[in-house]
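Now for the letters of each chain:
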Amino acid sequence: MSEQAVDAPQPKLTKKDFTSDQMVRWCPGCGDYAILSAIQNALPQIPEKKEDFVFISGIGCAARFPYYMSTYGFHTIHGRAPAVATGVKLANPKLNVWEITGDGDALAIGGNHFIHAIRRNIDINMLLFNNEIYGLTKGQYSPTSRFGQVTKSTPMGGIERPFSAGELALAAGGTFFARTIDTNPKLMTQIFVESSQHSGTSLIEILQNCVIFNDKAHGAVTGKEGKDDFQLHLEHGKPMLFGKEREKGLRLNGFRLEVVTIGENGIDQSDILIHDAYQHDSTVHNMLIRMSPPHFPMALGIIRAVKAPTYDQLVEQQYQASVEKASYKNVDQLLKSGNTWEVK
Amino acid sequence: MSKTSPVELDKVVIRFAGDSGDGMQLTGSQFTYTSAMLGNDLATFPDFPAEIRAPQGTVEGVSGFQVQIGKVDIYTPGDRADVLIAMNPAALRSNIDWVRKGGNIIIDTDYFEDRNIKKAGYETNPLEDGSLDDYKIIEAPITSLTKTALKDIDLDNKSIVRCKNMFALGMMYWLFDRSRNETVKFLESKFRKYPVLIEANKKALDAGFNYAITIRAIASNYKIPPAKIEPGLYRHISGNQATAWGLLAAAEKVGKKLFYGSYPITPASDILHELSKYKNLGVITLQAEDEIAAVCSAIGASYAGQLGVTASAGPGIALKGEAIGLAIMAEIPLIVIDVQRGGPSTGLPTKTEQADLNLALYGRNSDSPCIVIAPSTPANCFQYIFEAARLTVEHMTPVIFLSDGYLANGSEPWKLPNINDLPPIQVQQFKENGQEYQPYLRDPDKKSRYWVIPGMAGYEHRIGGLEKQDVTGNVSYDPENHQKMIDIRADKVKTVANFIPEQKIIGAKSGELLLVGWGSTFGSMLSAVKELEKEGHPIGLVHINYLNPLPKNLEAILGDYKQILVGELNSGQLVGYLRQIYPQYKYQQLNKVQGLPFTITEIKDKIKSILNI
Numbered sequence: 002m003s004e005q006a007v008d009a010p011q012p013k014l015t016k017k018d019f020t021s022d023q024m025v026r027w028c029p030g031c032g033d034y035a036i037l038s039a040i041q042n043a044l045p046q047i048p049e050k051k052e053d054f055v056f057i058s059g060i061g062c063a064a065r066f067p068y069y070m071s072t073y074g075f076h077t078i079h080g081r082a083p084a085v086a087t088g089v090k091l092a093n094p095k096l097n098v099w100e101i102t103g104d105g106d107a108l109a110i111g112g113n114h115f116i117h118a119i120r121r122n123i124d125i126n127m128l129l130f131n132n133e134i135y136g137l138t139k140g141q142y143s144p145t146s147r148f149g150q151v152t153k154s155t156p157m158g159g160i161e162r163p164f165s166a167g168e169l170a171l172a173a174g175g176t177f178f179a180r181t182i183d184t185n186p187k188l189m190t191q192i193f194v195e196s197s198q199h200s201g202t203s204l205i206e207i208l209q210n211c212v213i214f215n216d217k218a219h220g221a222v223t224g225k226e227g228k229d230d231f232q233l234h235l236e237h238g239k240p241m242l243f244g245k246e247r248e249k250g251l252r253l254n255g256f257r258l259e260v261v262t263i264g265e266n267g268i269d270q271s272d273i274l275i276h277d278a279y280q281h282d283s284t285v286h287n288m289l290i291r292m293s294p295p296h297f298p299m300a301l302g303i304i305r306a307v308k309a310p311t312y313d314q315l316v317e318q319q320y321q322a323s324v325e326k327a328s329y330k331n332v333d334q335l336l337k338s339g340n341t342w343e344v345k
Numbered sequence: 127m128s129k130t131s132p133v134e135l136d137k138v139v140i141r142f143a144g145d146s147g148d149g150m151q152l153t154g155s156q157f158t159y160t161s162a163m164l165g166n167d168l169a170t171f172p173d174f175p176a177e178i179r180a181p182q183g184t185v186e187g188v189s190g191f192q193v194q195i196g197k198v199d200i201y202t203p204g205d206r207a208d209v210l211i212a213m214n215p216a217a218l219r220s221n222i223d224w225v226r227k228g229g230n231i232i233i234d235t236d237y238f239e240d241r242n243i244k245k246a247g248y249e250t251n252p253l254e255d256g257s258l259d260d261y262k263i264i265e266a267p268i269t270s271l272t273k274t275a276l277k278d279i280d281l282d283n284k285s286i287v288r289c290k291n292m293f294a295l296g297m298m299y300w301l302f303d304r305s306r307n308e309t310v311k312f313l314e315s316k317f318r319k320y321p322v323l324i325e326a327n328k329k330a331l332d333a334g335f336n337y338a339i340t341i342r343a344i345a346s347n348y349k350i351p352p353a354k355i356e357p358g359l360y361r362h363i364s365g366n367q368a369t370a371w372g373l374l375a376a377a378e379k380v381g382k383k384l385f386y387g388s389y390p391i392t393p394a395s396d397i398l399h400e401l402s403k404y405k406n407l408g409v410i411t412l413q414a415e416d417e418i419a420a421v422c423s424a425i426g427a428s429y430a431g432q433l434g435v436t437a438s439a440g441p442g443i444a445l446k447g448e449a450i451g452l453a454i455m456a457e458i459p460l461i462v463i464d465v466q467r468g469g470p471s472t473g474l475p476t477k478t479e480q481a482d483l484n485l486a487l488y489g490r491n492s493d494s495p496c497i498v499i500a501p502s503t504p505a506n507c508f509q510y511i512f513e514a515a516r517l518t519v520e521h522m523t524p525v526i527f528l529s530d531g532y533l534a535n536g537s538e539p540w541k542l543p544n545i546n547d548l549p550p551i552q553v554q555q556f557k558e559n560g561q562e563y564q565p566y567l568r569d570p571d572k573k574s575r576y577w578v579i580p581g582m583a584g585y586e587h588r589i590g591g592l593e594k595q596d597v598t599g600n601v602s603y604d605p606e607n608h609q610k611m612i613d614i615r616a617d618k619v620k621t622v623a624n625f626i627p628e629q630k631i632i633g634a635k636s637g638e639l640l641l642v643g644w645g646s647t648f649g650s651m652l653s654a655v656k657e658l659e660k661e662g663h664p665i666g667l668v669h670i671n672y673l674n675p676l677p678k679n680l681e682a683i684l685g686d687y688k689q690i691l692v693g694e695l696n697s698g699q700l701v702g703y704l705r706q707i708y709p710q711y712k713y714q715q716l717n718k719v720q721g722l723p724f725t726i727t728e729i730k731d732k733i734k735s736i737l738n739i
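So the protein sequences, as listed, match chains W and X. Residues 2 to 345, numbered by our numbering, are exactly what the first sequence covers, in order. Residues 127 to 739, numbered by our numbering, are exactly what the second sequence covers, in order.
It is worth saying that the hints were derived from the structure and are not from the lab. Values in this document were obtained by computation on a predicted structure and should not be read as measured data. All residues carry an ideal CB built from backbone N, CA and C; glycine is no exception. Just so you know, not all the hints are guaranteed correct.
[Unchecked claim] Under the rule of at most 25 Å between Cα atoms (straight-line distance), these lysine-lysine pairs were calculated in the DSS-like manner:
id, chain 1, residue 1, chain 2, residue 2
1, W, K326, X, K319
2, X, K349, W, K345
3, X, K379, X, K610
4, X, K405, W, K326
5, X, K311, W, K345
6, W, K308, W, K345
7, X, K349, W, K326
8, W, K326, X, K403
9, X, K610, W, K345
10, X, K354, W, K345
11, X, K572, X, K541
[What the hints assert, rightly or not] The following label-pair restraints were derived from C-beta to C-beta distances:
id, chain 1, residue 1, chain 2, residue 2, range
12, X, N544, W, T138, 52 to 58 Å
13, X, S285, W, K308, 34 to 40 Å
14, W, E161, X, H399, 52 to 58 Å
15, X, L542, W, E317, 54 to 60 Å
16, X, F317, W, E161, 43 to 49 Å
17, X, E249, W, E343, 49 to 55 Å
18, X, Q710, W, R120, 52 to 58 Å
[To be verified] If we take Cβ atoms under 10 Å as the criterion, some of the chain X residues that face chain W in the derived model are:
id, residue
19, P132
20, V133
21, L135
22, R318
23, V322
24, L323
25, K405
26, A419
27, A420
28, C422
29, L542
30, A583
31, R588
32, V597
33, D604
34, N607
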């Protein structure tokens, strides 16, 4: 029951160590399977003890996730996972906390907790499974559904404009935002590992396919034909190139991004923007997040990763400062401090 | 000093009233503190508006502070004031009903000119129209006297006028034969960076004291000798502070950090302010983005192994309902403090009420019982929040703690407990004994889960809001399992009755009438019962602190009286609950929903009418 000594040799963990004995009950063909597998592959690469991983989820298809992991897990209530995760992290900052959420859970019912967790920069990893639909309640539109989209609750087409999770996160002062797709296990695993290294709230948007209620919602990006022309894999310090021959790139034209082709109209490699994920100014990050087909590729990878104090670190700092200053060390001393009087 | 020796009184009720910017709360607190140091027993209650600074001179903007001091035991701040200080016409108008006929009223006459008289809603000057003939009026130009006293001080006019509360306090100190020393010490500490303010306030205090001697408006001053109080070390404490400190004591006892997730709301916010000072004791306070995040963060903290607490008033508790259900389902510790106020909806934010009992007992979806307890005096908030912590940790289910505005803001002297004498709080540790850990294994006596927390190697498990299979904790939709789990959760809360004290009876152990109450009505009920006993009418009082489950002996007690009267500051919630659980008895009701506590007289009158005396 006790913790192992820090210097004890750790047996190498494998994917199997993170797989629970529960039957996975998502629909056949659901993108969630690939995400689950990618996480189970990522965790052994993260230098933490198995018992220190905690998965906290809200409600929705994605939120069943903790039951399929063999880590500590808490399946909570709709929209509230960021608040529960905040309490977990503050109560025990040693824990490696993962929040599993969906577009309805994070951006509709839990929108308030989503932005405030990010604003505080509490050191947790948020995986946002974005399938642009309500799956568990069988097909109503979500806050990320497209304008005009026909769903069970919008038979004449949706008349709400969708949220962009990344822009919302950056507006809330987000320090880390990455985007990946459920059809690319390697990219997912890599991003999960890297996001866990970030101090602060890491938001990872996963473009996930709901095969039943919103099949191919991300088809333009994830489909075979779109793969080269509509996926821009960003890497810090590398030029923003894409296309089958990596012949296309992004450059800044005034205040706008522009897709250009190397070798055409006098464009060469030096015109192409270099990705700077560590830049505090979020202007370019926002422009990258906003891009989508057909005029632009979808930006994937780590779009933003900047350093800022985390909420849990600041709590600890205030605790230390308070210990140094306090004139009482326990409750008994506190009770007897200040104005008291003796009755004889 | 006065040549006449002071007249000795058993007890006296004093009410300070002025604009909410006049410093009446501070004046009242200083008078209280000085009296406590003199050894008087006492009880206080502030009565302030919901608006921070309503327009000056209006009735809406009046802030009041009432204190009863005595050489006898004091259980309430008193029904009616013997002395009222009214700093302006609005203060007089809104407080006159709280002064007993024949009582003294000290009036700052400087504010009794046409404009302020009209602003207060008077048509004629009450000082001239005979409407105050039933009272002894002491007219004092407090503001202009303060200005005169401070004329040599280098301060702007506004700051000088603000010292008038100290002038008034000085008058009261002479009238009740109290020393100015404690207040001088207070001023020297509060304004240590502004010597000119120390000088100004001290001068005003002295001027008021000397003025009271000089005018001899009251034939003599009064003396309230020290009460016979149990020996020990004391301090003055409000209900909210006692609640905060009780949490600190409980967290220390159980060896956990205290995690307090809260969203600001009247009248609970002072607990957040208080706890946020004690980071060095391991307290983590999170001012959450909303009420739901507040309770959910506390649930997260408990899940991760610390003592998770959230607090609010009724509107916030309504929002927390779903999350409390989660903690019931997940079977983890959680303390939910409800500092009740007038409702429904936003209601009366600064006024008291006991109308959230039904919310605490039933305010969640499905069959989701939790433990409910209520303190009954400002100081015993310490004891009962400690009990809340003991019960939630040992029984692994949420506890709702029903304080209210009257307890939260009221205050009284408190004999400091010996921390070592507080009962132990035992964490439900899983003991292997050859069996493999499963998340819904239970302690055989308490029927609670074991508190196994993230970070413990080899015990990784999943819990959540979906129905759980008995023992394994796996998600289960099995009908019989659901029935079983519903029964287990109910039984677990019922079992708590084996681990709480029996109900005590005050007064007659059987007979004509049993008075039943809960929460903050204790002081007035106790006073009423004691007074009736003196008048030759012994009755019994049962004041319930453990509301769910109820103490095991309560059913038998109720049967020992010919009649039962249930009094509460709502339309009949406890009485409805008792009718449901003990339907064999007949209950009569005393209810009041005016945002105000019971007066002793109201309770006595009701009892007298029942007993035909």
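So, going through the hints one by one against the coordinates:
Distance hint between K326(W) and K319(X) is fulfilled; the C-alpha atoms sit about 20 Å from each other, no more than 25 Å. The suggested pairing of K349(X) with K345(W) holds, with an alpha-carbon distance near 20 Å, which does not exceed 25 Å. For the proposed pair K379(X) and K610(X), the alpha carbon gap of about 34 Å is over 25 Å, so the pair is violated. Only pairs whose Cα atoms come within 25 Å are accepted, and K405(X) paired with K326(W) is accepted, the gap being roughly 11 Å.
About 23 Å separates the Cα atoms of K311(X) and K345(W), which keeps this hinted pair within 25 Å; it holds. Taking the CA atoms of K308(W) and K345(W), the gap is near 60 Å; set against the 25 Å cutoff, the hint is violated. Distance check on the hinted pair: K349(X) and K326(W) sit about 42 Å apart at the alpha-carbon level, beyond 25 Å; violated. Taking the CA atoms of K326(W) and K403(X), the gap is near 11 Å; set against the 25 Å cutoff, the hint holds.
With a C-alpha separation of about 57 Å, the suggested pairing of K610(X) with K345(W) is violated against the 25 Å cut-off. Restraint check for K354(X) and K345(W): the C-alpha separation of about 10 Å stays at or below 25 Å, so the hint holds. Taken as a hint, the K572(X) and K541(X) pair is broken in the structure, with Cα atoms around 33 Å apart against an allowance of 25 Å. The supplied range of 52 to 58 Å is met by N544(X) and T138(W), whose beta-carbon atoms lie about 56 Å from each other.
For the pair S285(X) and K308(W), the beta carbons lie near 47 Å from each other, so the given range of 34 to 40 Å is not met. Between E161(W) and H399(X), the C-beta spacing of about 40 Å breaks the proposed range 52 to 58 Å. One distance hint, 54 to 60 Å for the beta-carbon pair L542(X) and E317(W), is violated here, with the actual separation near 31 Å. Under the hint 43 to 49 Å, the C-beta atoms of F317(X) and E161(W), about 57 Å apart, miss the expected range.
In this structure the supplied range 49 to 55 Å holds for E249(X) paired with E343(W), their Cβ-Cβ distance being about 54 Å. Here the CB-CB span from Q710(X) to R120(W) is close to 57 Å, well matched to the stated 52 to 58 Å. Of the supplied interface hints, the one on P132(X) is violated, with its beta-carbon coming no nearer than about 22 Å to a beta-carbon of chain W, more than 10 Å. A cut of 10 Å between beta carbons decides the hint on V133(X): the least distance to chain W is about 25 Å, and the hint is violated.
Here the hint on L135(X) is broken, as its CB sits about 20 Å from the closest CB of chain W, past 10 Å. Because the closest C-beta pair between R318(X) and chain W is about 15 Å apart, greater than 10 Å, the hint is violated. The interface hint given for V322(X) is broken, as the beta carbon of that residue sits about 25 Å from the closest beta carbon of chain W, more than 10 Å. Taken as an interface hint, L323(X) does not check out: its beta carbon lies about 20 Å from the nearest beta carbon of chain W, beyond 10 Å.
The beta carbon of K405(X) is positioned within 10 Å of a beta carbon in chain W (closest approach about 4 Å), and the interface hint is therefore held. Against a cut-off of 10 Å between C-beta atoms, the interface hint on A419(X) holds, since the closest Cβ of chain W lies about 4 Å away. A least Cβ separation of about 8 Å between A420(X) and chain W falls short of the 10 Å threshold, and the interface hint therefore holds. Hint on C422(X) holds. Least Cβ distance to chain W is approximately 4 Å, under the 10 Å limit.
A hinted interface residue such as L542(X) counts as satisfied when its beta carbon comes closer than 10 Å to some beta carbon of chain W; here the least separation is about 5 Å, so the hint holds. A cut of 10 Å between beta carbons decides the hint on A583(X): the least distance to chain W is about 4 Å, and the hint holds. Interface restraint check: R588(X) against chain W, minimum CB-CB distance 4 Å, threshold 10 Å, status holds. Checking V597(X) against chain W: minimum C-beta separation of about 15 Å lies over 10 Å; hint violated.
Residue-level restraint check for D604(X) is violated (minimum Cβ-Cβ distance to chain W is 15 Å; threshold 10 Å). Interface hint at N607(X): violated, since its Cβ lies 16 Å from the closest Cβ of chain W, which is beyond the 10 Å cut-off.
The structure fails to meet hints 3, 6, 7, 9, 11, 13, 14, 15, 16, 19, 20, 21, 22, 23, 24, 32, 33 and 34 from the earlier list, while all remaining hints are met.
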